[in-house]
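Listed below are the residues making up each chain.
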Amino acid sequence: MRLELRGITKRFGAFTANDAIDLVVEPGQIHAILGENGAGKSTLMNVLYGLYTPEEGEIVVDGVPRTFAGPGDAMAAGIGMVHQHFMLVPVFTVAENVVLGQEPMARGLIDAGSAATVVRETAESLGFHIDPNALVGDLPVGVQQRVEIVKALSRKAELLILDEPTAVLTPQETDELIEIMRTLAASGTSILFITHKLREIRAVADTITIIRHGRVVGTAEPTTPETELASLMVGRSVSLGVDRAPAQPGEPGLAVRGLVVRDAHGVPVVDDVSFDVARGEIVAVAGVQGNGQTELVEAILGVTTPEHGSIELAGRPIDGLGVRDRLDAGLAFIPEDRSTDGVVGEFSIVENLVLDRVGAAPVSRGGALDVAYLRRNAAERVAEFDVRTTSIDREVGTLSGGNQQKVVLARELSRDLSVLVASQPTRGVDVGSIEFLHRRIVAERDKGAAVLIVSTELDEVLALGDRIAVMCGGRLVGIVPGGVSRDVLGLMMTGMPPEEAARQAAEHHTLLGEADLAAELQAPDGEPAVVQDGAVVQDAAVVQDASHESEEQR
Amino acid sequence: MTTAPEPGGPGPEPSTAPAPVEPEGPTRSESFVHQVLSSSWLLTLGAILLAVILGAILVIVTDPDVQAAAVYFFARPGDLFAAAWDAASSAYVALFQGAVYDWTASDPARAIRPLTETLTIATPLILAGLSVGLAFRSGLFNIGGQGQVILGGIVAAWLGFQFQLPAVLHVLLAVLGAALGGALWAGIAGVLKARTGAHEVIVTIMLNNIAGYLVLWIVTTTLFASGTPGVSKAVHDTARLPALLPAPFRLHWGFVLAIVLAVGVWWLMERSTLGFRLRAVGANARAARTAGISVARMTIVAMAIAGALAGLAGASQVLGTEGMLTASVAGSIGFDAITVALLGRSRPLGTVLAGLLFGALSAGGRLMQTRTGTPLDLVLVLQSFIVLFIAAPPLVRTILRLPDPEKKPSRKRPARGDAPAEQAGAVA
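Chains A and B are the protein sequences, given in the same order. Position 236 of the first sequence, counting from 1, maps to 236 under our numbering, and the rest follow consecutively. Position 284 of the second sequence, counting from 1, maps to 284 under our numbering, and the rest follow consecutively.
These aren't lab readings, by the way, just hints derived from the structure by calculation. For every residue, glycine included, the Cβ atom is placed at its ideal position computed from N, Cα and C. You may find that some hints are simply not true.
Unchecked claim - Covered, in the sense of this in silico footprint (three residues per stretch, anywhere, with C-beta under 8 Å from a C-beta of chain B), are these stretches of chain A:
(1) 339 to 347
(2) 355 to 362
(3) 421 to 427
To be verified - Here are some chain A residues the structure puts well away from chain B; computed CB gaps all over 10 Å:
(4) 53
(5) 106
(6) 185
(7) 308
(8) 315
(9) 326
(10) 333
The shape of chain B in the complex, shown without the other chains (with noise of 0.2 Å):
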């Protein structure tokens, strides 16, 4: 499990990319996923459950009321339990309420913006998983979606303000052209893996690194440089993804092509050919060797559109959310992906509803920061352990005495599946 290239720590830049890489890793990295793609909806709700019940034992001991009343405990043991219990359902409250549906806001729109603006962080987090989840099935470990979204970004942003194009036009090559960016980006770590063998998570972390520097250095040149430091010119409207409710509301199109592309992706891998292919090689590439399918063809594919599916997120945020580049545009959104694309167990409802959650937690977050006093970090806490506990099915199951899928009958490989993995410990 270590080899797992810890995808939580949404570090602010990207050198605290997860970097535990080794060498040998295929094999152990390969299981890894194979583990975490079989892992079932029960223990993905499980860990979820496990992470939210550890955070509220976060906020309890870490909360000054609670604080307060543990030093008289002894003497009035009830006013602990009813602070713990103010401080963990206080802070959820604000969340959901930040999240999903503020019922104390003044007017409806107030009401209902806190879950607009969780779809609208969700957009790029669910095409960016799509992309990661697209790869793993695939057999590619793609770690490279922070300088996938990257490029994608500079790419709308050039298209959005160097242009003058009619509207419908303009966005549509924007868009195209961001897609273009991101395959052309992800397609370096593509050819290389197929023509020399070098690994692609090692060939995707630098190249975040590379990207992560070009576009720092990007909006500081004449051609984008907009006057105010680290952000480009805005893009032009006829550039912009339309809002799909009027102001002050930030959600656009972006998230509609979003959904567009989960189902397109789900028709991609389930239905056609060419994914059919994918997974082939991702699922065992010796086999599809055998059955004639070209691997490197299909590993240089794969990461084309995984690429494509990061430099969208990219166009996301450029022509939807913010109008225009800035140095951050990826944020964390790269390895949050991972996170969204392991939740979703890489299939791509499941990345759409792990997308919906981190956009949710990171919304409700703010205002739980601003109306309880529980810090902002509580959300990476939350998504942090989520991951942990998706890494560690056995505990999830120890802990909720959930059944173990493995310990069914198991006829399959008789001499390999049951005897060997119990008496390796038994001979030691």
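This is chain A alone, in the form it adopts within the complex (with noise of 0.2 Å):
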């Protein structure tokens, strides 16, 4: 399908989220749109697909001018659609919910028999293979995106949006996404493709068209170096690197010796775990999401009790401390997920910058709030940490992620703090922001704080971390010095221990030829992309194990 857009513009009151946005997918292409959350990528999909009227402008489908009241019209002009949010049953299976909606119908009965046809079919015709009679609410994530996938493609659509799709997958499963996305493209598939990530749009896109506060910006190549793309992106000239100085280890700050987390069903989530973080270091915890990391850092808070082991802070146990005390003791703690643990939505930036400080001076006294302190302090975190608001009073669930991120981490920084322990510091943060929080982080750990950071962005841990730790269903896999390669780190996320996947780094190397291409095949995370050749294909088996290890963990 050759889909045209011209001069699409919709606006929601005074806010103009999309302004005479140009576009032009070929058939057969793959189109990356690069932008910030809140560039306006999802309302242009929207738009697309029929959710949203524009107020201008025009949608061509192969020369013909669309108007699509409804998804409906969307799909019989045959645009599917991926949401980042999966939009199916968890209790059908996969047959009945790529067929739900246009059941085959026999006898007055669901036609089970050509509903399972069509999704074998349209599965192996990408190159893989889906159970139709498997329960959709027992599949992992990256398997039920390919459910959406064939679902979208039983529907005979010819162009495939794609938003966000890999924001919920493993570097695994981003690999195998992104071999079915070229599948489609070569039979002739044109796949709308949304992302913020910069690595993955190298490794996939035809084309890209790069969004800032609603309008197209420019038109990239996929061979753009990646600091000019996120300059694009952003609109100013980012680094995306860190520049700081060795790290000066000295006294023994966070300790954890032995560690063993359950869960409700007694599996260890977090098993025999010890590490130390000295004072002015930063230790980088990667790994693939689910894999103990969250557990990890909710015993060192203190909200979840730890079956053995034990935690010290500057040399001092923890272990029977309560939250509170532990926050008293000079920890700071930004939570995995802002918007359940580290904001309160319904209160103003003014009420959540103060959130964990409340009930000691200079906060609070006798009791009572000392409200020209709390506004005095917003007033300057907003200033500092560069929130974007029109007034210290707004409610914080109404700023946008990153801005909310934002307030967690000037609240927690500008505490008297002698260890930090971040979970996901910057995921959903704008890139232009990403270096300054990192900045800030460095900055803590010059003054002297212990640094542990959870991450499960590469990138993330590659930039922060003196030291680097990699945690693989729930045990900790190895420990290995900041500025490792990728490839080290992709094979030990897999579970593998430190030397041997040195050893067969060392061998891509010699594989691929030269590093360069190794980085730009990669995922985003650094996981190898699976390149026809023995050696790598048998990497492919191991990553795969280690996947579905993971998945059993969750």
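Could you fit the two chains together into a complex? Lean on the hints.
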């Protein structure tokens, strides 16, 4: 399908979400839309999918102008969409989900046989297999996404919109998705690929359109350097790395000894983990989401009680202490999920900035809040951390994700802290702000804090970690020096010991010829792409096994 | 919306207490609470307006004169409209005269008396409404106002007739005792929730029933019994909340107490450390826990304060309005309070205004019934319609063509905010 968008403008009241957007997708093209959170990508896709009616502009499909009153019209025109949050019924089977809304009927009943055939044939044409009778709720996220793709294709989609498809995927699954996208494109299906991840774009896109503040600000080729893409996306020059001096490790800051945490079913989710973080150094924990990192930091904060092991803060055991006492002992904590754990959405910025400091001077005196201090503090923090808001009294829930995260960081970093534990500190934050937040974290290190960063983004782990610990299946696979290659980390994330990972990664380099090429083919989290080559395919098998393991862990 | 215990239905006996409780209720009832709290003042006014219009229609279609005029509608249609206007307007005029100012009264005292009655009836509603609102904002659905009012009343009565103390001291003791009684009663639900996770809705409903039968029994005991069935000994004059105006007015210092406590609750929730923590737990318990706030402790504290406020409503009835404990001391205060808190969006000012409105409806309804023959039940219908419309904001917005606040350019959480809700429908 050849799709052309001409001057699409979508306004919400006085706010223009899309401003005269022009876009052309050629048949069989993988067209990436790159933009920050809130740039208007999702709005544009919702216009294209018939969920929003644009104020101006037209959608031209194969030379014919079309108007979509709803997704039904868009689907009829051959446009399919895979949402970031899947639209599947978990208690239905794969086949039932795929045919939902256009069930093949036989004698008044749903024709299960032909539904299953549709699933099987569509999946096989894309080079994978799905059991049509499996319940969707039992499937891993990556497979659910394929069900969505099969669903769209079974409705004769000739253009597939993928909205942030890799946000929920492991690196292995991302690789597999990229393969599927290539297969689809080769068979003539056009793909609109929405993302803010630069590395993915360069791996898969044929052409790139960059959107900022609702406008197209440029187009680029996949060969464009990442920093240039980032600059276009943000609107000013961005440096993706963090300049930092070597760490000056000092006294013990955080010590974890033989920590075991079991989940509700008695399965160890943190399995005998021990490590030290000295004051003045950053230890970054890498790993695929769901390999025990969440439980590890919750045990450090004290909201989860470990079964075994001990935790020391600046040489002092804190095992019996509650959250409040640990915070008072100098622990600062940035939770993984800001909206559920980090902020109270209905509270103002003023209130959220002191959420864990009430009860002590200067925030409160004699049981009463010092409102003047609160407001002064909020004004200062908002300015210091560049929180974009119209007022310090705004409810935090109405801020963008990135700005919410800045509020959390502003609160935690403005405390008197000796240990900083930060889980996904820059998730959902725009590229321009990541740089700033990373600098702030490094500054805390240089002031003598022991810093533990947990991140599933290898870019972040490599940018911040003086040492890098890798977790897989609840165990600590190993601790390696910062600046180690992505290949090594990627293999360790599958559970491979550091020496073995280093050896195999070295083989990659020789096999692939040059490291740059490897970096380019990599998924953002550093997993080597599956290349038709004996040794690498062997690794891919390892990767597969590990991914099954980690699925089971969840 | 169905999970919300229907706070209307102020049935006379506690056994008609709102029962539709689902075990997995919290998330849905929380979103209901959130929705109610975030609705605008405009919407509240709209709900009242619509309820009044619907009430007028009910009055009109049930009015005998209107029905008579309808028979010869095609001969003289004007009669029907005149009769309809007459029925509705006279009912509402009587309601107003009975609730605020009766300009047809023979002397100034009688003219102003309706207003004082409104304030008297509003007093326990405001106190119990503050109780429900405070619990709401702390993330708790306190359905137990009824039981807490009763316990407050029992303790106030006992302290009031059992002891001989100087005037000011005695009333202070009785009032504080009532607060403590309510606090302990509600505290049971708080402790059970904090320690075992038992849902406060179920526990407080059960406690309501226990309290209802407790007071029935206790007025028959030798300690309480007065000789008149269902009524306790009268409290000593030293324990009475003094009247604000001379007889025949019933208005007493309980009203001043309610207003002072409304201000106090505002300060507690908006300005104190404790209130900050209560609100944090109410709005996002996980984030509060991560910030080192003890959710369990705040649950107990919130229930105890809420219980104390409801207990004071009982004290206001026993020590102020009635002067004794009766088996029906709580009337339907505990349930009306839920409606009052909802209508007042759980804010102290709103609760005071909503309490006054309900007090006015109740006071005015009596005069309306005697003057125009419109049944007192119209008041219940009005109250129920108000709640219905408050609970269905899109309905009110559609009817009155109010703007939808959620259709603003929401740049917040673009992925979650705008897409899935609409797409869910689209895919189906």
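| Outside-interface status for residue 185 of chain A - nearest CB in chain B farther than 10 Å | Holds: least Cβ distance 25 Å, greater than 10 Å.
| query | Mind checking, does the segment 421 to 427 of chain A have 3 or more residues with a CB under 8 Å from chain B? | reply | violated (count 0)
| request: Say whether it holds or is violated: residue 106 of chain A keeps its Cβ farther than 10 Å from all Cβ of chain B. | output: About 23 Å separates residue 106 of chain A from the closest Cβ of chain B, which puts it past 10 Å; holds.
| query | Taking 10 Å as the cut and beta carbons as the points, is residue 333 of chain A off the interface with chain B? | reply | violated, 7 Å
| Taking a Cβ-Cβ distance under 8 Å as contact, does the segment 339 to 347 of chain A have three or more residues in contact with chain B? | Answer holds; 9 residues pass the 8 Å Cβ test.
| request: Could you check that no beta carbon of chain B comes within 10 Å of the beta carbon of residue 315 of chain A? | output: Answer for residue 315 of chain A: holds, closest chain B Cβ roughly 22 Å.
| field | No chain B beta carbon within 10 Å of residue 53 of chain A's | value | Label holds. Min Cβ-Cβ 12 Å, cutoff 10 Å.
| task | Beyond 10 Å from every chain B Cβ: check whether that's true for residue 326 of chain A. | result | violated, 8 Å
| Are three or more residues of the segment 355 to 362 of chain A within 8 Å, CB to CB, of chain B? | holds (count 4)
| request: Classify the label on residue 308 of chain A as holds or violated, using whether its beta-carbon is more than 10 Å from each beta-carbon of chain B. | output: holds, 23 Å
Violated hints for the displayed structure, listed by number in ascending order: 3, 9 and 10.
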